[in-house]
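> The chain contents come next:
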Amino acid sequence: MNQAMKTDPFILRRYFALAIKNLRRRLVRTSLTIAGVALAVTVAVSLGGFMLGYRGAIDRSINMLGFQVMIMAKGCPYEAATMMLKGGTGLLYLPSDTYDKVKSDPEIESITPIFVGVAQKQGSGIRDDAGATNFSVISGIEVLSYKVMKPWIALKSGPGYDGGRWFEADSKTDVVLGFEAAEYEQRKVGDSFYASIAPAGKPEPVMHEFKVVGVLERTGTQDDGTVFMPIDVAREYFGRPAQLTILGIKLKQFNAVKMREFETRWLKLPEVQVVGLQQVKNTLVSLVATAQTMIAAVAVIAIIVALIGVINTILMSVYERTAEIGIMKALGARRGSIFQLIWLETVIICLIGALTGSILAVVGSSLVERAIRSIADFGVSGSIVSITPQVIMYAVSGAVALGFFGGLYPAWRASSMRPVGAISKGV
Amino acid sequence: MKHVIPYLVLASLTLGQQLFGAIGCTLSNPAEDLKFLYPEMTSFKEELNEFPRLKDGSSLFKGLKARLGSDLDSIYETYETPYTVYIVFKGSAKIGIVHGVNVPGKGGVIQVFLSMDPATAQIKSFFFQRLESPAARQLRTKEFRAQFTGLTLGDFYKHDYYAAVEPAAKADRVAAIKPPALEATGLPDYQASLRGVRKNLILLDCFVFGGRFEPFFERALQAAGKAKVGKD
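Protein chains in written order, with my numbering: chain E, 1 to 427; chain V, 1 to 232.
Don't read these hints as lab results, they were simulated from the structure.
Keep in mind that the hints are not guaranteed to be accurate.
[What the hints assert, rightly or not] Among chain E residues calculated to face chain V with C-beta under 7 Å, some are:
#1 105
#2 126
#3 404
[To be verified] Pulled a few chain E residues facing chain V out of the computed Cβ check, cut under 8 Å:
#4 134
#5 159
#6 192
#7 193
#8 207
[Unchecked claim] Computed list of lysine to any residue pairs in SDA-like fashion (alpha-carbon distance at most 25 Å, straight line):
#9 E:211 x V:74
#10 E:202 x V:138
#11 E:211 x V:191
#12 V:62 x E:186
#13 E:147 x E:190
#14 E:156 x V:79
#15 E:121 x V:76
#16 V:170 x V:185
#17 E:121 x V:140
#18 V:65 x V:207
#19 E:21 x E:356
#20 V:90 x E:127
#21 E:211 x V:186
#22 E:258 x E:97
#23 V:65 x E:371
#24 E:211 x V:73
#25 E:121 x V:194
#26 E:121 x V:143
#27 E:172 x E:154
#28 V:142 x E:204
#29 V:45 x E:375
#30 E:211 x V:76
#31 V:45 x E:371
#32 V:65 x E:160
#33 E:121 x V:163
#34 E:211 x V:70
#35 V:62 x E:97
#36 E:150 x E:65
#37 V:45 x V:92
#38 V:35 x V:120
Cβ atoms here follow ideal geometry from the backbone N, Cα and C, with glycine treated the same way.
Based on the sequences and whatever the hints tell you, model everything.
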């Protein structure tokens, strides 16, 4: 080919034009083959976008928590599961002096204590015997340290929300509502808010009337659905004056070694577990990865089917053009030239299919996202499908590379034909 | 797997919860709830209604305030609020209509649902889905709620009429509703509940019954106008 290019600098363009001309001869067949490749690439790009987008969404959500490490009571997640699934109020609590012990750790950049309690809503169904199926998650916090941990938290302003402020540490009547808690309860700044709280050890909840002194801007995290009040007041109302639920911690240096050291230091406390949010993230990613692997398998099958379709189309084209190829060879076309021509046809089909598929994936990404979300709640906010130029580049390169390999056999068959035999066979 | 569960649960606790939808009012378990209300039900249909999608939606929304007799909340009772009407069937026969509205109560939202006779537009039953209030127990009693059975939007408009021309008229069925024994803290939620019933009926008249009770409203409006002129 190098020799040919030296003698004719436009040889590649001529090959290309000839390949296109050949493909256009059987336009319907070529189009269907391209559609097959496009479909496979659409699936592959959407899947790649989902994998990337989901990881990004988890990262964003974890980062929006503010802290990298949590200290909580052992078994707490199981209790939390009971709370969420059964509507119980069985969260486990830490002794509040854990905070005093841990906060002196020299590796800690910032720390915030959080008390979480669940206020049952009164009968929330249409039946007379409707039990409490709705809950308000109440977080008792220390405003200053909480804001240090989550500097993006802001009070909403505008009609209905102007004049919003945080509560005083000793205020027993003021609450700040997360964006969705306010929306769900249709509360504005200055409104009253009822919460029925069952103190520890008491069978009947006590209804408290609070004043909404602020509503938070939407954060896309669990804070949106939370009712905030001073930590000491929450502890008092829940009848747990010397307990807390979580210590949220940001370390000065956060890496695997520092995390391990920190964990080792504080696991000596008998009643606590130290959980790095990286672990949570990895677990989530690995769980979804199983599903992603299955979808990826489907995508691979689609790609293989599409590739077989491409090979079949080119082979058929080669067989149909047996006489023509024989004549070309008889007229002096070299084996390499025939090989390159057929090979190029395969690659062109794959390239056009890949580009079309990528465009389809980008255009349909919102539909894909909606479909994925309708199947399962992934527990993260923000977009979970992110189709980046890199994803498209990988998909297109992969399709073209498969075209290279897929085109080898038809190109070899065509280039191996003997002129006389091919002409007589094809006529 | 056992190791995975804590992290999964923790993640679901710490990561964003499922977002609440637009501020509409829907049944928590439509199939179950409707079967409870209409045991003979064989199927049901949900119809989403929004003022922006209605012909003359803007003027209908403006009319809502006049018919309700009170201001609409500028944030939570907006033009864009969606309303879901449940239509209940037995075979192909329409046997019921169920619709709920949100009204701001004193300490939280109140969800007021009505099940209606599709032919007469009378209330078959009135119930709360969400009600957090010191008066919740009293307001949820069957005795109190049963007083609304058989009422129509026309009765509420007639109540306006009687209030203008003949207060304490015996024919005023709305005035005859006896509030449950409430402490002062529960009164705002009682009033919000009444407002919720009325708002619900007005919306149903608009979405389902084709403005059947508009003549009653016109009459009440005229009576109120005359009464005002008389006073002046």
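> Would you mind marking each hint as holding or not holding in the structure?
Taking the hints in turn, this is what the structure says about them:
Given hint, residue 105 (chain E) at the interface with chain V, is violated; its Cβ is 22 Å from that chain's nearest Cβ, farther than 7 Å. Nearest Cβ of chain V to the Cβ of residue 126 (chain E): about 5 Å, under the 7 Å cut. The hint holds. The interface hint given for residue 404 (chain E) is broken, as the beta carbon of that residue sits about 41 Å from the closest beta carbon of chain V, more than 7 Å. With a cut of 8 Å, the hint placing residue 134 (chain E) at the interface with chain V holds, because the nearest CB-to-CB distance is about 7 Å.
Hint status for residue 159 (chain E) relative to chain V: holds, with the closest Cβ pair at about 6 Å, below 8 Å. At a threshold of 8 Å, the smallest CB-CB gap from residue 192 (chain E) to chain V is about 5 Å, leaving the interface hint in force. Checking residue 193 (chain E) against chain V: minimum C-beta separation of about 6 Å stays under 8 Å; hint holds. Among the interface hints, the one on residue 207 (chain E) holds; its C-beta lies about 6 Å from the nearest C-beta in chain V, closer than the 8 Å criterion.
At roughly 20 Å between alpha-carbon atoms, residue 211 (chain E) and residue 74 (chain V) fall within 25 Å of each other, so this suggested pair holds. About 23 Å separates the Cα atoms of residue 202 (chain E) and residue 138 (chain V), which keeps this hinted pair within 25 Å; it holds. Taken as a hint, the residue 211 (chain E) and residue 191 (chain V) pair is honoured in the structure, with Cα atoms around 20 Å apart against an allowance of 25 Å. With a CA separation close to 21 Å, the supplied pair residue 62 (chain V) and residue 186 (chain E) stays within the 25 Å bound.
Under the criterion of a C-alpha separation no larger than 25 Å, the hint pairing residue 147 (chain E) with residue 190 (chain E) is consistent with the structure, at around 22 Å. Of the supplied pair hints, the one linking residue 156 (chain E) and residue 79 (chain V) holds, its CA atoms being roughly 22 Å apart against a limit of 25 Å. A distance of roughly 20 Å separates the Cα atoms of residue 121 (chain E) and residue 76 (chain V); the hinted pair therefore holds under the 25 Å criterion. Under the criterion of a C-alpha separation no larger than 25 Å, the hint pairing residue 170 (chain V) with residue 185 (chain V) is inconsistent with the structure, at around 29 Å.
Taken as a hint, the residue 121 (chain E) and residue 140 (chain V) pair is honoured in the structure, with Cα atoms around 14 Å apart against an allowance of 25 Å. Pair hint residue 65 (chain V) plus residue 207 (chain V) holds up; C-alpha atoms about 16 Å apart against a cutoff of 25 Å. For the hint linking residue 21 (chain E) to residue 356 (chain E), the alpha-carbon distance of about 20 Å falls within 25 Å, and the restraint holds. For the given pair, residue 90 (chain V) sits about 21 Å from residue 127 (chain E) by alpha-carbon distance, which is consistent with the 25 Å threshold.
A hinted pair counts as satisfied when its Cα atoms are at most 25 Å apart, and residue 211 (chain E) with residue 186 (chain V) qualifies at roughly 16 Å. Of the pairs offered as hints, the one joining residue 258 (chain E) and residue 97 (chain E) holds, with about 23 Å between alpha carbons and a cut-off of 25 Å not exceeded. Using a Cα cut-off of 25 Å, the hinted pair residue 65 (chain V) and residue 371 (chain E) is violated, with the two alpha carbons roughly 39 Å apart. For the hint linking residue 211 (chain E) to residue 73 (chain V), the alpha-carbon distance of about 18 Å falls within 25 Å, and the restraint holds.
For a cut-off of 25 Å, the pair hint linking residue 121 (chain E) to residue 194 (chain V) stands: about 21 Å separates their Cα positions. Simply put, residue 121 (chain E) and residue 143 (chain V) have alpha-carbon atoms about 23 Å apart, close enough for the 25 Å limit, and the pair holds. Distance check on the hinted pair: residue 172 (chain E) and residue 154 (chain E) sit about 22 Å apart at the alpha-carbon level, within 25 Å; holds. The straight-line distance between the Cα atoms of residue 142 (chain V) and residue 204 (chain E) is roughly 23 Å, inside the 25 Å bound, and the hint therefore holds.
Note on residue 45 (chain V) and residue 375 (chain E): the hinted pairing holds, with a Cα-Cα distance of about 22 Å set against a maximum of 25 Å. Under the criterion of a C-alpha separation no larger than 25 Å, the hint pairing residue 211 (chain E) with residue 76 (chain V) is consistent with the structure, at around 18 Å. Of the pairs offered as hints, the one joining residue 45 (chain V) and residue 371 (chain E) holds, with about 23 Å between alpha carbons and a cut-off of 25 Å not exceeded. Under the criterion of a C-alpha separation no larger than 25 Å, the hint pairing residue 65 (chain V) with residue 160 (chain E) is consistent with the structure, at around 19 Å.
Among the hinted pairs, residue 121 (chain E) with residue 163 (chain V) is inconsistent with the structure: their alpha-carbon atoms are about 37 Å apart, more than 25 Å. Using a Cα cut-off of 25 Å, the hinted pair residue 211 (chain E) and residue 70 (chain V) holds, with the two alpha carbons roughly 24 Å apart. This hinted pair does not check out: residue 62 (chain V) and residue 97 (chain E) have alpha carbons roughly 58 Å apart, beyond 25 Å. Restraint check for residue 150 (chain E) and residue 65 (chain E): the C-alpha separation of about 7 Å stays at or below 25 Å, so the hint holds.
With a CA separation close to 12 Å, the supplied pair residue 45 (chain V) and residue 92 (chain V) stays within the 25 Å bound. Taking the CA atoms of residue 35 (chain V) and residue 120 (chain V), the gap is about 21 Å. The hint holds against a cut of 25 Å.
Consistency with the previously given hints fails for numbers 1, 3, 16, 23, 33 and 35, ordered from lowest to highest.
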